[in-house]
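**Student:** Chains A and B supply the protein sequences, listed in that same order.
Residues in the first sequence are numbered from 1 upward in steps of one, following our numbering.
Residues in the second sequence are numbered from 1 upward in steps of one, following our numbering.
Watch out, some of these pointers could steer you wrong.
[Claimed, not checked] With a cut-off of at most 35 Å between alpha-carbon atoms, the simulated DSBU-like pairs for lysine-lysine come out as follows:
| id | chain 1 | residue 1 | chain 2 | residue 2 |
| --- | --- | --- | --- | --- |
| 1 | A | K95 | A | K234 |
| 2 | B | K3 | A | K167 |
| 3 | A | K167 | B | K26 |
| 4 | A | K95 | B | K134 |
These are calculated hints, taken from the structure and not from any lab test.
Quantities reported herein were computed from a predicted structural model and do not represent experimental measurements.
Each chain is listed here by its residues.
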Amino acid sequence: MANIQKLEQTVSQVRRDIVRMVHANNSGHPGGSLGCTEFLVALYFEIMKHDSSFNMDGKGEDLFFLSNGHISPVFYSVLAHSGYFDVAELATFRKIDSRLQGHPTTHEGLPGVRMASGSLGQGMSVAVGAAETKRLNGDDRIVYSLHGDGELQEGQIWEAAMYASAKKVDNLICTVDLNGQQIDGSTDEVMNMGSLEAKFTAFGFDVLVEKEGNNMTKVVAALEEAKSRTGNGKPICILLHTEMGNGVDYMMGSHKWHGVAPNDEELAIALAQNEETLGDY
Amino acid sequence: MKKYTYTETKDTRSGFGDGLLEAAQKNENVVGLCADLTGSLKMNAFENEFPERFFQVGISEANMMSMAAGMTIGGKIPFTGTFANFATSRVYDQVRQSIAYSNKNVKICASHAGLTLGEDGATHQVLEDLGMMKMLPGMVVINPCDYNQTKAATLAIAEYEGPVYLRFGRPKMPVFTPDNQEFKIGEAVMLNEGVDVTILATGHLVWEAIEAGHILADMGIDAEVINIHTIKPLDADAILKSVGKTGCVVTAEEHQMNGGLGDSVAQLLARKNPTPLEMVAVNDSFGESGVPALLMEKYGLTRTDIVKSVETVMKRK
Numbered sequence: 001m002a003n004i005q006k007l008e009q010t011v012s013q014v015r016r017d018i019v020r021m022v023h024a025n026n027s028g029h030p031g032g033s034l035g036c037t038e039f040l041v042a043l044y045f046e047i048m049k050h051d052s053s054f055n056m057d058g059k060g061e062d063l064f065f066l067s068n069g070h071i072s073p074v075f076y077s078v079l080a081h082s083g084y085f086d087v088a089e090l091a092t093f094r095k096i097d098s099r100l101q102g103h104p105t106t107h108e109g110l111p112g113v114r115m116a117s118g119s120l121g122q123g124m125s126v127a128v129g130a131a132e133t134k135r136l137n138g139d140d141r142i143v144y145s146l147h148g149d150g151e152l153q154e155g156q157i158w159e160a161a162m163y164a165s166a167k168k169v170d171n172l173i174c175t176v177d178l179n180g181q182q183i184d185g186s187t188d189e190v191m192n193m194g195s196l197e198a199k200f201t202a203f204g205f206d207v208l209v210e211k212e213g214n215n216m217t218k219v220v221a222a223l224e225e226a227k228s229r230t231g232n233g234k235p236i237c238i239l240l241h242t243e244m245g246n247g248v249d250y251m252m253g254s255h256k257w258h259g260v261a262p263n264d265e266e267l268a269i270a271l272a273q274n275e276e277t278l279g280d281y
Numbered sequence: 001m002k003k004y005t006y007t008e009t010k011d012t013r014s015g016f017g018d019g020l021l022e023a024a025q026k027n028e029n030v031v032g033l034c035a036d037l038t039g040s041l042k043m044n045a046f047e048n049e050f051p052e053r054f055f056q057v058g059i060s061e062a063n064m065m066s067m068a069a070g071m072t073i074g075g076k077i078p079f080t081g082t083f084a085n086f087a088t089s090r091v092y093d094q095v096r097q098s099i100a101y102s103n104k105n106v107k108i109c110a111s112h113a114g115l116t117l118g119e120d121g122a123t124h125q126v127l128e129d130l131g132m133m134k135m136l137p138g139m140v141v142i143n144p145c146d147y148n149q150t151k152a153a154t155l156a157i158a159e160y161e162g163p164v165y166l167r168f169g170r171p172k173m174p175v176f177t178p179d180n181q182e183f184k185i186g187e188a189v190m191l192n193e194g195v196d197v198t199i200l201a202t203g204h205l206v207w208e209a210i211e212a213g214h215i216l217a218d219m220g221i222d223a224e225v226i227n228i229h230t231i232k233p234l235d236a237d238a239i240l241k242s243v244g245k246t247g248c249v250v251t252a253e254e255h256q257m258n259g260g261l262g263d264s265v266a267q268l269l270a271r272k273n274p275t276p277l278e279m280v281a282v283n284d285s286f287g288e289s290g291v292p293a294l295l296m297e298k299y300g301l302t303r304t305d306i307v308k309s310v311e312t313v314m315k316r317k
C-alpha cells in the first residue's frame with residue numbers, strides 16, 4: 001500500500017527544486033514540470049523497479065523515457081532524490097560544464113538518463129524499441145514513457161503508436177501529460193486534436209483516462225491499474241489530465257509559464273506554497 | 001602497375017545482405033529493422049533464418065531510427081535497412097538526437113545511394129548523404145566499393161561499438177577485392193602505387209579510378225590509386241603521405257561536391273599541406289531518371305572524367 005503522505009512530501013520538495021532551478025538560470029520550463037510532479041514521483045518512488053546505481057542496459061528493471069525533454073527540471077529532481085546523483089548537482093542545471101543540460105542527454109553521462117530528448121516526438125519510438133529488446137531478452141519488466149499533449153502533433157508519435165499495436169507491444173505504458181497547453185496557447189487553439197481517447201483507442205491502445213493527474217492517490221491508482229493491464233496483447237496509454245504549473249498558484253493553468261522563469265519575488269511566493277520536506281539542495 | 005581482374009559482377013547491397021546474415025550467425029545480439037524494403041536491401045536471408053530478430057516497421061523510417069536507438073538499451077546491435085535517402089535526409093533529426101547525440105550502437109545501412117539507382121530519378125537518388133552523416137559528431141561513415149568489401153564492412157561494423165552509416169548501392173559492379181578480406185574501419189586501401197598524381201576514390205567510383213589509372217599509364221602518367229572506403233574517420237596519414245609524393249590529387253565519388261569525400265580531402269589538405277585538387281563529383285545538381293551508365297556519363301562520374309581531371313590538376317602542380 002502506497003504511503004501517499006510520504007509521496008506528497010517528496011512532491012513538495014521536487015516542486016521547490018523545480019522553481020529554484022529555473023529561477024537560478026532565468027531559463028527552463030517550470031509549467032509542465034510542476035504539472036507532472038505527482039506522476040514522476042509516483043513512478044520513481046512507488047511504481048517502478050529500478051536501480052539508482054544505474055546501468056544503461058537496465059536488464060531486469062523497469063525503464064522510463066521522457067519524450068517531452070523540456071520538463072527536465074522535474075526529471076532531474078526526481079532522479080537526484082532517487083539516488084542517481086547528488087541533489088547538490090541540481091545547482092548546476094543549465095550551466096556550463098554541467099551534466100544537467102537544458103534537455104536531458106546521455107552525452108554528459110548523467111546517471112538515470114538513457115536517451116537524449118528535446119526534439120519532440122521521438123520518445124515513443126525509443127520506448128517501443130526498448131520494449132522490443134526486453135521481449136527478446138525474456139525480461140518481463142515494463143517500459144514507461146511520458147509525452148506532452150502538444151507533442152502528439154508530431155507525426156512520429158503515430159508511427160510508433162501504429163507499430164506498438166500492430167506488433168502487440170504489451171509491455172509498454174505511454175502516458176500523455178494532458179494539460180491542454182502549448183507554447184502558442186491552448187492545444188485547442190493551436191491545433192485541436194479532437195478526442196485523444198478515441199484516437200489512441202482507434203490506434204489499438206488500451207486507454208485509461210485519469211482526470212486528476214495532480215492527485216497522488218489517483219495517479220498511483222492509475223499507474224497500478226495500467227500495470228495490471230500489461231501482457232494482454234495491447235500497448236497501454238494513460239491520458240493524464242494535469243494542470244500546468246500545479247502547486248504554484250500564479251502559474252496554474254496558463255501556457256504563459258511553459259518556458260518562463262519566476263523572478264525573485266515570484267520565487268518567494270512559490271516556495272512559500274511548497275514546504276521544504278527533504279532539504280533544499 | 002597492378003592489374004585488377006574480376007570474374008563476376010554483383011551489387012554491393014548483396015554484400016550487405018550476406019554480411020548481415022553472417023554477423024547475425026556470429027552474434028545473437030545482432031537484430032535487423034526494415035522499412036518495407038526487405039528485398040531491395042537483400043535482408044530476406046537474415047529474416048528467414050532469424051525471424052524473431054527481424055523487425056518489419058512498415059513505411060515509417062523516423063520510427064525505425066528512434067526504435068533502433070531504443071533497442072540498443074538491453075544490448076542489441078540494430079541494423080536498420082532502407083534506401084539511403086530515407087536513411088538520412090528523411091530522418092536527420094532522429095539520427096542526430098536518438099542515435100548520434102545519444103551515442104547509440106546503431107548501424108544505419110543504406111542502399112540505392114547516388115545516381116546509379118537509375119530510373120526512379122532524383123527523389124530517390126540521394127547525393128547529399130555522406131555530407132549529412134559525416135557532419136554528425138561521432139558518426140562513422142563508410143562507402144565500400146564492391147560486393148566483397150561491403151560484406152566485410154558489414155561484419156566489421158557489427159564488431160565496432162558506436163553509430164555507423166554504411167552506404168551501398170543497387171547496380172552490379174565488378175567484384176575485384178579479395179573474398180574474406182579483413183575490413184579495417186578508417187584505413188585506406190592502396191590499390192596502385194604511383195608518383196605523378198593521387199586518385200582518391202570511394203564507392204562505385206573506385207573501379208572507375210582503377211580503369212582511369214590504366215588509361216593514364218598509356219598516356220605516360222603514373223597514377224597512385226587509393227580506395228577511401230571510410231569517409232569518416234578519414235585516413236589522413238595515408239592521404240598526406242601519398243600527396244607528399246605526388247603533389248596533386250583527384251577525388252572521385254558518386255555524391256555532391258559539397259559535403260563529400262573531396263570536401264573532406266580539401267579540408268585536410270588546406271590545413272596540413274595545400275595541394276592542387278580536382279573533384280570528380282556532382283556539381284550542385286539533382287539527378288534524373290535514366291540508365292545508370294548514361295547518368296554517370298551525363299553527370300561526369302566516369303573514368304574519362306577522372307582522366308580529364310588528372311590532366312587539369314597536373315598542370316596546376
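**Student:** None of the hints should be skipped; say for each whether it holds.
**Tutor:** Here's how the hints hold up against the structure:
Under the criterion of a C-alpha separation no larger than 35 Å, the hint pairing K95 of chain A with K234 of chain A is inconsistent with the structure, at around 42 Å. A hinted pair counts as satisfied when its Cα atoms are at most 35 Å apart, and K3 of chain B with K167 of chain A does not qualify at roughly 52 Å. With a C-alpha separation of about 27 Å, the suggested pairing of K167 of chain A with K26 of chain B holds against the 35 Å cut-off. Straight-line distance between C-alpha atoms of K95 of chain A and K134 of chain B comes to about 29 Å, which keeps the hinted pair within the 35 Å bound.
Checked against the numbered hints given earlier, this structure breaks hints 1 and 2; the rest are met.
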